[in-house]
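These are the residues of each chain, in order.
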Amino acid sequence: MRDVAVIGIGMTKWGELWKKSLRDIYVETALLALEDAGIDRIDSMYIGSMSSGLFVGQEHIASLLADYLGQLPVPATRVETACASGGLALRLGLMEVASGMSNIVLASGVEKMTDVGGDEATYALGTAADQEYEGYQGITFPGLYALIARAHMQKYGTTREQLAKVAVKNHHNGLKNPLAQYQFEITVEAVLNSVKVADPLNILDCSPITDGAAAAIICPADMARKMGKPLIKVIGTGHATDTIQISQRKDMTWLEATYQAAKQAYAMADKKPEDIDLIEVHDCFTIAEICVTEALGIVDKGKGGEAVEAGLTAMEGKIPVNTSGGLKSKGHPVGATGIAQVVEVTKQLRGEAGERQVKDARVGMTQNMGGSGGSSVVHILERE
Amino acid sequence: MSTPSRYWREIPQRYRLEANKCNRCELTFFPPRLLCPECKNRKLEKSKLTEKGKVITYTIIRVPPAQFSDQAPYAVGIIELEDGVRLTGQIVDCAFEDIKIGMKVKLEFRKLFEEGHAGILCYGYKFVPHGE
Ligand SMILES: [Zn+2]
Numbered sequence: 000m001r002d003v004a005v006i007g008i009g010m011t012k013w014g015e016l017w018k019k020s021l022r023d024i025y026v027e028t029a030l031l032a033l034e035d036a037g038i039d040r041i042d043s044m045y046i047g048s049m050s051s052g053l054f055v056g057q058e059h060i061a062s063l064l065a066d067y068l069g070q071l072p073v074p075a076t077r078v079e080t081a082c083a084s085g086g087l088a089l090r091l092g093l094m095e096v097a098s099g100m101s102n103i104v105l106a107s108g109v110e111k112m113t114d115v116g117g118d119e120a121t122y123a124l125g126t127a128a129d130q131e132y133e134g135y136q137g138i139t140f141p142g143l144y145a146l147i148a149r150a151h152m153q154k155y156g157t158t159r160e161q162l163a164k165v166a167v168k169n170h171h172n173g174l175k176n177p178l179a180q181y182q183f184e185i186t187v188e189a190v191l192n193s194v195k196v197a198d199p200l201n202i203l204d205c206s207p208i209t210d211g212a213a214a215a216i217i218c219p220a221d222m223a224r225k226m227g228k229p230l231i232k233v234i235g236t237g238h239a240t241d242t243i244q245i246s247q248r249k250d251m252t253w254l255e256a257t258y259q260a261a262k263q264a265y266a267m268a269d270k271k272p273e274d275i276d277l278i279e280v281h282d283c284f285t286i287a288e289i290c291v292t293e294a295l296g297i298v299d300k301g302k303g304g305e306a307v308e309a310g311l312t313a314m315e316g317k318i319p320v321n322t323s324g325g326l327k328s329k330g331h332p333v334g335a336t337g338i339a340q341v342v343e344v345t346k347q348l349r350g351e352a353g354e355r356q357v358k359d360a361r362v363g364m365t366q367n368m369g370g371s372g373g374s375s376v377v378h379i380l381e382r383e
Numbered sequence: 000m001s002t003p004s005r006y007w008r009e010i011p012q013r014y015r016l017e018a019n020k021c022n023r024c025e026l027t028f029f030p031p032r033l034l035c036p037e038c039k040n041r042k043l044e045k046s047k048l049t050e051k052g053k054v055i056t057y058t059i060i061r062v063p064p065a066q067f068s069d070q071a072p073y074a075v076g077i078i079e080l081e082d083g084v085r086l087t088g089q090i091v092d093c094a095f096e097d098i099k100i101g102m103k104v105k106l107e108f109r110k111l112f113e114e115g116h117a118g119i120l121c122y123g124y125k126f127v128p129h130g131e
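As you go down the protein sequences, you meet chains A and B in turn. 45 is the number that numbering that gives the first Met the number 0 gives to position 46 of the first sequence; each next residue is one higher, with no gaps. 28 is the number that numbering that gives the first Met the number 0 gives to position 29 of the second sequence; each next residue is one higher, with no gaps.
Derived by calculation from the structure, the hints in this document are not laboratory data. You may find that some hints are simply not true.
Computed cross-link-like contacts, DSS-like style, restricted to lysine-lysine with a CA-CA straight-line distance of at most 25 Å [said to hold, decoys possible]: (1) A:LYS302 <-> B:LYS105; (2) B:LYS110 <-> A:LYS249; (3) B:LYS103 <-> A:LYS154; (4) A:LYS154 <-> B:LYS105; (5) A:LYS249 <-> B:LYS103; (6) A:LYS300 <-> B:LYS99; (7) A:LYS249 <-> B:LYS99; (8) B:LYS53 <-> A:LYS154; (9) A:LYS249 <-> B:LYS105; (10) A:LYS249 <-> B:LYS51.
Listing some non-contacts, in silico: residues in chain A with all C-beta distances to chain B over 12 Å [what the hints assert, rightly or not]: (11) ARG1; (12) TRP17; (13) LEU30; (14) GLY69; (15) GLY116; (16) GLU119; (17) ARG149; (18) LEU178; (19) VAL194; (20) MET222; (21) MET251; (22) GLY296; (23) GLU383.
Even glycine gets a Cβ: it sits at the ideal position worked out from N, Cα and C.
Let's have the full structure, built from the sequences with the hints guiding it.
Given below as structure tokens:
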């Protein structure tokens with residue numbers, strides 16, 4: 000396998016982009032990545048999109064977007080594994096470059112979520128759960144994570160305040176990310192007093208509905224070296240699955256797919272949790288970040304709540320988690336999220352993260368999760 | 000809206016709790032599976048779920064999906080039945096503050112929701128408290 004590097008990244012301001020269509024958002028973002036890489040042709044492209052069919056009534060978007068990006072007739076592939084679609088797009092692009100089948104690949108993701116109303120968006124997101132045995136009973140996505148949260152609180156004594164502190168931390172980080180959807184601070188009190196969605200989770204425990212895209216250009220490391228940019232290599236990848244119904248897992252507080260994906264990525268990269276300088280994780284709900292930090296092995300099982308309370312995962316902590324603001328503050332256009340994590344880690348490793356720069360960041364990790372944890376994709380990147 | 004066949008197909012599970020089991024692994028599957036994921040055994044036997052169990056986690060849904068909007072807020076939990084099978088379902092006929100992890104419940108057949116105007120009335124199981 001060939002070593003692979005990220006040579007271009009692109010992301011525009013996320014939010015409720017009423018004036019822009021899916022194709023507008025995507026092309027603007029992908030062009031930024033091409034410009035950043037200093038190229039205008041690619042060999043192949045992957046697009047993570049959870050549900051363009053339900054959100055904008057458009058399938059077959061891979062060809063559509065290849066066309067509007069001016070890249071016909073390159074092979075273009077849409078990738079779907081719910082909210083982990085973006086992470087998987089990078090993994091598939093990585094395989095294509097590492098194998099030698101292609102040299103320059105665009106790994107990207109997009110979701111246009113505000114062309115439908117709240118009920119339709121809730122429905123579209125809900126299709127990531129088991130429709131016959133979870134959706135049929137009236138559960139929602141916040142509801143599924145609420146079930147995990149309650150079980151985690153019962154088993155490990157995780158507190159309501161600890162959950163709130165995840166959101167407070169991520170909003171604090173997002174304040175320094177000009178591309179974030181929500182650039183404002185929140186307090187623990189504000190989270191605790193916000194509207195109840197699915198007890199014990201409130202609205203400020205939840206990531207928002209967002210329009211946005213993210214893009215990364217990858218190529219063989221040898222080719223990247225000649226371009227004279229900081230060499231950011233993708234040194235580990237992992238992808239694993241679990242039951243999509245949380246009730247069917249042996250331990251509902253444990254994200255086995257994330258654990259398995261991380262295990263693969265650590266092994267491939269020859270790294271351990273203590274080698275990682277920063278991590279972007281899938282905090283679709285506050286409890287998710289707590290469970291993910293445990294599954295990635297950066298804290299012990301059951302200690303995720305205590306870790307955030309102690310500031311271990313804060314910007315100035317031992318291992319900063321979600322310097323971008325995470326899904327909570329940056330926004331969560333589902334198919335784009337996994338690639339946006341790679342954009343953030345690449346910026347950090349290049350030393351281009353501005354006010355939120357982690358000092359001497361050399362190794363970064365991304366963790367992108369589908370549904371309530373039924374799929375998970377992990378990558379490790381390193382600056383050479 | 001789906002054709003009625005999607006609803007009809009699930010009736011053995013939703014109305015009659017039909018499951019199957021792997022006698023080698025002593026595991027019960029609901030919905031029934033074509034093979035045991037543990038030992039890959041394809042000779043699974045028909046069985047029926049037990050109807051008593053306990054709450055292992057729960058939430059109160061306050062922002063519901065559209066077809067449940069007239070019911071919110073309502074409680075949904077994960078219930079572990081006596082045969083070890085776990086189900087997601089509503090917990091009804093009790094105050095929210097009385098729901099506790101470990102609470103004993105039993106399955107009852109109820110209407111779950113209506114599929115839009117003049118759509119199918121969708122039935123299935125819900126859980127109710129069941130003393131000692
Ligand atoms: Zn078996």
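Broken hints, numbered, in rising order? 1, 2, 15, 16, 17, 19, 21
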